[in-house]
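Could you slot chain B onto chain A? The hints should help.
The primary structure of each chain is shown beneath.
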Amino acid sequence: MVAVRAVWASSSRTSAFRKEALQGFLCIVPWLLGFLIFTAGPMVASLWLSTTDYEILRPIHFIGSGNFTRALRDPLFSKSLWNTAFYTGLYVPLHILTALLAAILLNTNVHGKGIYRVIFYVPSIMPAVANVFLWMWIFNPEYGLANALLNVFGLPPQKWLYSADLAKPSFVIMALWGLGSAMLIFLAGLQGIDPVLYEASSIDGASAWTKFWRITLPMLTPTLFFNLTMGIIGSFQVFTTAFIATGGGPNNATLFYVLYIYRQGWEFTRMGYAAALAWVLFAIILLVTLIQFRMAGRWVYYEVERKG
Amino acid sequence: MLIPFIWLLSTSLKVRGTEFTFPPVWIPNPPVWRNYYTAIFESGLPFTRFLLNTAIITGANMVGVLFAASLAGFGFARMRFPGRDKLFILVLSTMMLPEIVTQIPSYLLFRLLGWIDTFLPLIVPTYLGGGAFNIFLFRQFFMGIPYELDEAARIDGAGILQTYLRVILPLSKPVLTAVAIFTFLGNWNSFMGPLIYLNSLEKMTLAVGLRAFQGLRGTEWNLMMAAATIMLIPVLVLFFAAQRYFIQGIVTTGFGGR
Numbered sequence: 154m155v156a157v158r159a160v161w162a163s164s165s166r167t168s169a170f171r172k173e174a175l176q177g178f179l180c181i182v183p184w185l186l187g188f189l190i191f192t193a194g195p196m197v198a199s200l201w202l203s204t205t206d207y208e209i210l211r212p213i214h215f216i217g218s219g220n221f222t223r224a225l226r227d228p229l230f231s232k233s234l235w236n237t238a239f240y241t242g243l244y245v246p247l248h249i250l251t252a253l254l255a256a257i258l259l260n261t262n263v264h265g266k267g268i269y270r271v272i273f274y275v276p277s278i279m280p281a282v283a284n285v286f287l288w289m290w291i292f293n294p295e296y297g298l299a300n301a302l303l304n305v306f307g308l309p310p311q312k313w314l315y316s317a318d319l320a321k322p323s324f325v326i327m328a329l330w331g332l333g334s335a336m337l338i339f340l341a342g343l344q345g346i347d348p349v350l351y352e353a354s355s356i357d358g359a360s361a362w363t364k365f366w367r368i369t370l371p372m373l374t375p376t377l378f379f380n381l382t383m384g385i386i387g388s389f390q391v392f393t394t395a396f397i398a399t400g401g402g403p404n405n406a407t408l409f410y411v412l413y414i415y416r417q418g419w420e421f422t423r424m425g426y427a428a429a430l431a432w433v434l435f436a437i438i439l440l441v442t443l444i445q446f447r448m449a450g451r452w453v454y455y456e457v458e459r460k461g
Numbered sequence: 045m046l047i048p049f050i051w052l053l054s055t056s057l058k059v060r061g062t063e064f065t066f067p068p069v070w071i072p073n074p075p076v077w078r079n080y081y082t083a084i085f086e087s088g089l090p091f092t093r094f095l096l097n098t099a100i101i102t103g104a105n106m107v108g109v110l111f112a113a114s115l116a117g118f119g120f121a122r123m124r125f126p127g128r129d130k131l132f133i134l135v136l137s138t139m140m141l142p143e144i145v146t147q148i149p150s151y152l153l154f155r156l157l158g159w160i161d162t163f164l165p166l167i168v169p170t171y172l173g174g175g176a177f178n179i180f181l182f183r184q185f186f187m188g189i190p191y192e193l194d195e196a197a198r199i200d201g202a203g204i205l206q207t208y209l210r211v212i213l214p215l216s217k218p219v220l221t222a223v224a225i226f227t228f229l230g231n232w233n234s235f236m237g238p239l240i241y242l243n244s245l246e247k248m249t250l251a252v253g254l255r256a257f258q259g260l261r262g263t264e265w266n267l268m269m270a271a272a273t274i275m276l277i278p279v280l281v282l283f284f285a286a287q288r289y290f291i292q293g294i295v296t297t298g299f300g301g302r
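Read top to bottom, the protein sequences are chains A and B. The opening residue of the first sequence carries number 154 in this note's numbering; numbering runs sequentially from there. The opening residue of the second sequence carries number 45 in this note's numbering; numbering runs sequentially from there.
The following block holds chain A by itself, in its conformation from the complex (with noise of 0.2 Å):
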């Protein structure tokens, strides 16, 4: 009687757990159904379609390696690397720095700090083509702002945009005054600080950038490793600011590298080859990521790991 008793609880607990997996499991279904069709299934396609010379309109070839013995016989190819490769460069550290700074300064007990931050932030929510058209005047050679401020300096006009070396850096300039939701995390990531390390550092003698040096920035490294490893991913795809404002020029100084896959493959149809440029894409971010995860161990700071 027991027995039977103990083997129906049993029984009945399992199907409970059935019932329980089986209804989990319709609730992710809708993901999973899109993730099997417009991801896993894409990434499959565009893997097989990067050997092949789909061009659209033409017959579909296999050529094996072909797109990318190509690429790297292509000029632009690795002419668009590299500008995303120093944009990325240029900007990502300047990014975090400005953002941090930001934040650190927003908060200390100023008056009216609700406002600053409204005002740092709105910019990064700023539509990227009103953002592009503000900006290409702020550029303009002739009458733009960022010249009238050179001349405050006494400094000679420049052409920013429509010069080749100015056209990178005009762009990181733009781009970082997005800083705001980079802020709002390394903000928050402050805020989680526990007072009584500045307190118990206080009585210590500290000063205040030995607090900084000692406490806020090993208890920050979560955030910033947060931050990094977005702003990283992001930056290697910016896209829509040369679209508009340059179209890649002047003489492809800011044909970024998505760009330049959308040139491929939507202006040219030369689908094939755009697709194992986009492979490319993908296995560089994977690569800098996994660097990036493998070398946080180091220097990335949780507290949940030493109570562990």
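Keep in mind that the hints are not guaranteed to be accurate.
[What the hints assert, rightly or not] Listed next, the stretches of chain B that the computed footprint assigns to chain A, with coverage defined by at least 3 CB atoms under 8 Å from CB atoms of chain A:
1. 72-81
2. 143-149
3. 158-164
4. 173-183
5. 210-223
6. 228-237
Worth flagging that the hints you see were computed from the coordinates, not collected in a lab. Model, not experiment: these values are computed from the prediction. In this text, a Cβ means the ideal position worked out from N, Cα and C, and glycines have one as well.
Frame of chain A; chain B shown alone:
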């Protein structure tokens, strides 16, 4: 930080030809409010059409995201089933995938379906997924709700769907609002998707359509800036109305790594 905005506003109120005076004039005298009317109705571009298209796509996506992402988030947070955690890692890893990789075959698929130059490629995928970031946000939030509530509901005879709709969602207004706002912004400002999938002028969204001001009878900077300001207004209104949720949403996202 504000100077570019001031300049945007100031230019949108200037007489054509006086946009570039040097040194810059900050307060146009008199302000030409008519520029706004001209930009909307007399620019030769179907501006109101752009506005309507953008509103349709954005609205449809907001509904889709709230439905699909919250349901998936609910499944990942509060239901147990085999393979759940592995699938969730899959959700997170899709965030690293550059859009352009899947965009090329997706474009070919939509072309095959005859969906190019319709809103469908910009709307349908949302209903099947809702975005990895949003699923993540919902999951994090749902995990913070006490499980006793589900159990109590179940003892009262509520099914899973009822628990989700009647217990969990009403408690989740902060995250629903944050995701709704992000979806609004993302779609309102989205550029590459509409650029790729839409061809005809009357199907364009604001973000892509605004570009046409560049070519029209030379660039009419004052009208362009008026149009850009109009595009910015809903964003600002939304921001000020829901500032708290905005910031909360970003903060929650930022702590993803933990």
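Evaluated hints:
Counting residues of the segment 72-81 of chain B whose CB lies closer than 8 Å to any CB of chain A gives 0, so the stated coverage by that chain is violated, three being the minimum. With 7 residues having a beta carbon nearer than 8 Å to a beta carbon of chain A, the segment 143-149 of chain B meets the requirement of three or more and the stated coverage holds. Counting residues of the segment 158-164 of chain B whose C-beta lies closer than 8 Å to any C-beta of chain A gives 0; at least three are required, and the coverage claim is violated. Only residues whose C-beta sits within less than 8 Å of a C-beta in chain A count toward coverage, and the segment 173-183 of chain B has 3 of them, enough to reach three; the restraint holds.
Beta-carbon proximity to chain A at under 8 Å applies to 0 residues in the segment 210-223 of chain B; the threshold of 3 is not reached and the given coverage is violated. Under a criterion of three residues with beta carbons nearer than 8 Å to beta carbons of chain A, the stated coverage of the segment 228-237 of chain B is upheld, 5 such residues being counted.
Hint compliance for this structure: hints 1, 3 and 5 are broken, all remaining hints hold.
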